[in-house]
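Chemist: Below are the chains, spelled out letter by letter.
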Amino acid sequence: MSDYHIQLDRQDRLVHFLTVEGLTHRHLTEILDTAESLRGVAERRIKKLPTLHGKTVVNLFFEASTRTRTTFELAAKRLSADVLNLNIATSSAVKGESLLDTLRNIEAMQCDMFVVRHEQSGAAEFIARHVKPHIAVLNAGDGRHAHPTQAMLDVFTIRRHKPDFPNLSVAIVGDILHSRVARSLIHALNILGAGEIRVIAPRTLLPAQVETLGVHPCHDPRQGLRDVDVVVMLRLQRERMEGALLPSEAEFFQRYGLTEERLALAKPDAIVMHPAPINRGVEIDSRVADGPQSVILEQVTNGIAVRMAIMSITLGHHARSTEENA
Amino acid sequence: MRTVIQGGRIIDPARRMDTVADLFIAEGKIAGLGQTPDGFVADQVIAAHDRVVCPGLIDLCARLREPGQEHKATIASESAAAAAGGITTLVCPPDTEPPIDEPAVVEWIRRRAKAAGQARVLTLGALTHRLRGERLAEMAALQDVGCIGVSDGGHPIANSRVLRRALEYAATFNLTVFLTPLDPDLGHGLAHEGQVAARLGLSGIPVAAETGSIARNLELVRDLGVRVHFGRLSSARAVDLIARAQADGLPVTADVAVHHLHLTEIDLIGFDSRCHVRPPLRGLRDKDTLRTGVAAGVIGAICSDHQPHEPDAKLAPFGDTEPGISGLDTLLALSLRLVRDEALSLPAVIERLTWGPARILGLDRGHLGVGAIADVCIFDPDAEWRLEPDVMRSRGQNSPFTGWELQGRVVQTLLEGRSVFAGR
Amino acid sequence: MGNAEFLIEALTGQLRELLTRRGITDPALVGIHTGGVWIAERLRQRLGITTPLGQMDIAFYRDDFSRIGVHPQVRPSELPFDVDNRHIVLVDDVLYTGRTIRAALNELFDYGRPASVLLAVLVDRGGREVPIEANAVGTRLQLPASDQIELIGPDHLQLRIQTVP
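Chains as they are written, first to last, in my numbering: chain A, 1 to 326; chain B, 1 to 424; chain C, 1 to 165.
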């Protein structure tokens, strides 16, 4: 069995972006550095680069998410690509068309990149295995598995504030079990050599053997938040209450919600992050979310540059691989 | 028709026999072994030098997809695959469409199997009407038309009261009950709850989904004395539970699907939907303990848990695919691999594929004693081959063993003395 | 290997004369990564220009993206002044096909509308593929296409000419 992963070409270059797992420090640094170069574009009079002029990016969303789709759309447009938004959740899938049928149809429209969101873990990888070779696939969230662009914008934001990764202590708080964001972020932090990663949640919201991901599980935020440099709060989905994973939002907030008092346990210059949208008063207090240590809106801004970087890198490598194989 | 199989290594576990001898068959029955029976004149001679001659394999769980899912496979297509795999008896669980909960379905399957004529197809009747776990099925009627046991057909009965009554009722007619060891509420998931599920973000099925169900059912057996067979164990702790129950003298047996003796959760990496099975592939220690359980006889049979699929059933993101492996083509070779791995001796492996399952079914089959029905498998234990979709006889080509180098290949299969498969 | 300081001196003289002739008193210098930035900084000091140096990495504006992709070590472009109505001097080390300058002009105009743009290059080696010419040139060289010319820096700038096999 080969450990060659579908998202890398034979020269080890990223041609799809499906998961952070298995990538190297070099891959992640290339993305972060490229994103750094793209961050200034938003301040220019013309907020657009010609890089992907003539390319077509398709947002293939099998799970509705206006917010995520918008950031990919903006990133693609800032690179001059044409963007097509397809919400499959409300179209073909219900008519019984198979996922592969849908793919074949869209491929026939001469597209260059699929940005995929799907409720099933592994869906982006499945699509990458079945698309025509000239198409790059970006994972915009597959089930509980991965949300690699979100993880990259998170580490990008952390690096801008706390570049000393070996001495970095990060706490991730909330529903780790169902969180693709957490899984990808844990991989990214470990690859970049973060000193310590703690996951803080009641046991119902932690996957079995979570420590094998390279984290320290902790059930008490009073211990888990102590002296950390970064606090990442995860969004709590309402339906978890119905699944008998939690008794109530109120009890969760009371035990795990990020309040000013709890944040005071972290280092004084600790930053607070959240993948958004936030549930005020469920996982985070408004005073913290809007407070001086919060970088939540900066994450949103950085998300555009990071996604632009990933789009230009993967499509660029695709071009290069095609050229070399010609 | 009289046949002599000459010079083969005869392995007949029921009689602890492992010897090179000639085997004589007359009128569909074993006529003798070693010395030519008086007056026997062969119409046909099968040379079996350097081959193993053993009873035809008995597979305790094979989905033939008929009636109801003919787009996946048919009784004819899968009987042919069974014959090519040395399997002469297939046990079909009741989860067909419609389920085997009324005599007409049993009759229909029997007719189709007879028309195909390449393997014996036995049926398990449903424990409850439509397998819904609510009302008892007409088990006595099903027994009358030939069902050799009753089963939940992969849909475990959640309600303990209904289950207890179903067991009692089955015990009335001395029927063996084939249960799926799974707590349906804990069993919602896609993968073993462990490090691979944590990594891939697949919902987990804890070991307790299996052991919790077994523990409850063992207590019911203790109360009622009914014969229960637990199909497809997947975990080390389940093996321990069954071993202890057997030591206590409870009338319980168990089997394992051959893929659980070779694969683990690690094989799911890359979201390989061919490894999407129920029960899920578990950890390395589970695999090792299952092998130990087979060796010790706690697990009395190895089955294929054959579930052929059309290609589309596996062509989707992992969680949207249908579980199951097409296993008839590989049951023998994968079982023989246990000999190479020094987990079991060759006669022991053959026992778990023949006499072992026959005893679980309470049938006088799976042996080569004089007078027995001449279901015989002749295989070349040294033949090396590589599993590729195009060499599979089953209509379902969904096997994670594609590309594996296997050893041991069937050269001829006899069903009631009649050749139903002859290879190179 | 040739010392580039002499060429920079020549380029400074030409550029000073050009700016005077045009009556440009406060130009903004923009170096193109990597060699162009080194030269632009030296020009800025020698000409006594107070406006901080601009830097551009034209990676995202290249016309060969569909063949080679984005350079893995792209650096941020930074123009620490308002481009609108400004007299800009674009600086690069070697002018060859002209494609880099084409890309740089496009990028520059995405920042604003300059009053004028001049081009200063250390070496013009001919071989143009687009209609672009420099306003100030350190030296002109005729080199076969197989030769590669490269500026080594950032401290002691040296020109290296190599024949690519």
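Take the hints with a grain of salt, since some may be wrong.
Okay, derived cross-link-like pairs now, SDA-like style, lysine to any residue, Cα gap no bigger than 20 angstroms in a straight line [said to hold, decoys possible]:
(1) A:K162 - A:R26
(2) A:K47 - C:D57
(3) A:K267 - A:S321
(4) A:K48 - C:E17
(5) B:K114 - B:R130
(6) A:K77 - C:R62
(7) A:K48 - C:I149
(8) A:K47 - C:P131
(9) A:K47 - C:L141
(10) A:K47 - C:D84
(11) A:K132 - B:A316
(12) A:K48 - C:H71
(13) B:K29 - B:A316
(14) A:K48 - A:E36
(15) A:K162 - A:H219
(16) A:K132 - A:V83
(17) A:K48 - C:N3
These are computed hints drawn from the structure, not numbers from a lab.
Chemist: Please go over all the hints and tell whether each is borne out by the structure.
Modeler: Do the hints match the structure? See the list:
1. A:K162 - A:R26: holds, 19 angstroms
2. A:K47 - C:D57: holds, 16 angstroms
3. A:K267 - A:S321: Given that 20 angstroms is the threshold and the Cα spacing comes to 46 angstroms, the pair is violated.
4. A:K48 - C:E17: violated, 36 angstroms
5. B:K114 - B:R130: Violated, at roughly 25 angstroms.
6. A:K77 - C:R62: Satisfied, since the Cα-Cα distance of roughly 17 angstroms is no more than 20 angstroms.
7. A:K48 - C:I149: The hint is violated at about 32 angstroms.
8. A:K47 - C:P131: violated, 27 angstroms
9. A:K47 - C:L141: violated, 38 angstroms
10. A:K47 - C:D84: Status holds; Cα separation ~16 angstroms.
11. A:K132 - B:A316: Holds, because 16 angstroms separates the two Cα atoms, which is no more than 20 angstroms.
12. A:K48 - C:H71: holds, 18 angstroms
13. B:K29 - B:A316: violated, 48 angstroms
14. A:K48 - A:E36: holds, 15 angstroms
15. A:K162 - A:H219: At roughly 26 angstroms apart (the allowed maximum being 20 angstroms), H219 of chain A and K162 of chain A break the hint.
16. A:K132 - A:V83: holds, 19 angstroms
17. A:K48 - C:N3: violated, 39 angstroms
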